[in-house]
Amino acid sequence: MAERGAGQAPALVAVAHGSRDPRAAASTRELLRRVRALRPWVTVAEAYAELAEPSLEEAVRAVDGPLVSVPLLLARGYHALIDIPGRVERLRPDAAAGRPLGPHALLAEALADRLAEIPALGRGDAVVLGAAGSSDPAGLADVRVAARLLSRRLRRPVPFGFVAAGGPPLAEVVAERRAAGAARVVVASYLLAPGHFQDRLEGAGADHVTRPLGAHDALARLVLRRYDQARLRMAPVVPVA
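Counting the sequence shown from 1 gives a position; my numbering is that position plus 35.
Hints were generated in silico from the structure; no laboratory data involved. Take the hints with a grain of salt, since some may be wrong.
Claimed, not checked - Using C-beta positions, here's what the derived DEER-type ranges look like:
# : residue 1 : residue 2 : range
1 : G216      : L126      : 22 to 28 Å
2 : D234      : P75       : 32 to 38 Å
3 : R183      : P89       : 21 to 27 Å
4 : A176      : G240      : 21 to 27 Å
Here a beta-carbon is modelled for each residue, glycine too, at the ideal position from N, C-alpha and C.
Let's have the full structure, built from the sequences with the hints guiding it.
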């Protein structure tokens, strides 16, 4: 008997965190539309860990054949390392689990493009990476690396701050940059979609806050890179071409 799904490219089940804000799901769908455009022969399924539909379980059950789950998350933490891969494994122990998206140079590329939308961003302006936050030390380390990658790309210092748990409060970092003489303080939003945390970034006292990363072509390429990395760990019967 043939292996289940032999000869098929594995489906990509992209799992976002989920939000009650409908703008978040719309942003996720637009990102996945770009992913499909880059790899039209791969089935790409939308899923959410919580607060939105389709649920992770619904999306996984709908896949008939091999699959790779990719968390649409920017750093390691409970959802990326335990919750999402564990729930997928309970339903499909043959599935491969991808890494979270960040940190990565492609995210720095997308962040730089969002910053380019700020009018006349100058050397006298301070840039701060604004993130949601995490109680996981690995997640905090990932955001630190993301700030370093953006700093390298922009060739200027980029501190970081959080609007939730785990690290330096963004409002304090913004105030420190202003007290240090910055002409303007600009927060680079290290979020995938609009919603509660983007609103909190915008309330941290900066002069400008960029749009979330959202449906950026660099993110679409990164989703597929995580998919490719994971599928190479699957059984040899699954093609990688």
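Just to be sure I understand the hint, the distance between the Cβ atoms of A176 and G240 should be within 21 to 27 Å; is that true here? Since the Cβ atoms of A176 and G240 sit about 26 Å apart, the hinted range of 21 to 27 Å holds.
For the range 22 to 28 Å, tell me whether the beta carbons of G216 and L126 fit it or not. 55 Å, violated
So the hint says 32 to 38 Å: do the beta-carbon atoms of D234 and P75 match that? For D234 and P75 the Cβ distance comes to about 35 Å; the hint holds.
Please test the hint of 21 to 27 Å on the beta carbon pair from R183 and P89. 36 Å, violated
Hint compliance for this structure: hints 1 and 3 are broken, all remaining hints hold.
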